[in-house]
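If you want this note's numbering, it's the 1-based position in the sequence shown plus 1337.
Wrong hints could be hidden among the right ones.
[Stated by the list, open to error] Calculated pairs, BS3-like style, for lysine-lysine (alpha carbon to alpha carbon, straight line, at most 25 Å): (1) Lys1411 x Lys1389; (2) Lys1390 x Lys1411; (3) Lys1411 x Lys1451.
These aren't lab readings, by the way, just hints derived from the structure by calculation.
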Amino acid sequence: MTCAIHLDSIGRLVCGHEDGTVVMFYPSQAATVLLLSPRRFTAGWPQHCILKKHVGRVNTFLYPNAFGDRYDNKLLLSGGEDFTVRLWNLYAGCLVTTYSVHGGPVVDLMAVPKDLS
1338 MTCAIHLDSI
1348 GRLVCGHEDG
1358 TVVMFYPSQA
1368 ATVLLLSPRR
1378 FTAGWPQHCI
1388 LKKHVGRVNT
1398 FLYPNAFGDR
1408 YDNKLLLSGG
1418 EDFTVRLWNL
1428 YAGCLVTTYS
1438 VHGGPVVDLM
1448 AVPKDLS
């Protein structure tokens, strides 16, 4: 795991990995499986979603809704070693768009402050 973010408003944990995958899951379900039945993982349990579009390491996440209600709560941004920022729809579990105008790896993402339009 190379980066992680907990999305309080929807109760999910999102983890980025060295191979470019982004995994979303409910941490309480994963903990239950690990603590109560560590040998009973199945393909669909705990409920999770794997997003595969980055080429190489995922470095950072930004959940804009955490900074204000003016941002859609279903959107998450990720930045990676592949010089891209990717916009994900968390509810549909799919890529919305890719921004690739960067001259190097994306190592951090920031939201626009509330007092700017």
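Results of checking the hints against the structure:
no.	hint	verdict
1	Lys1411 x Lys1389	holds, 18 Å
2	Lys1390 x Lys1411	holds, 18 Å
3	Lys1411 x Lys1451	holds, 19 Å
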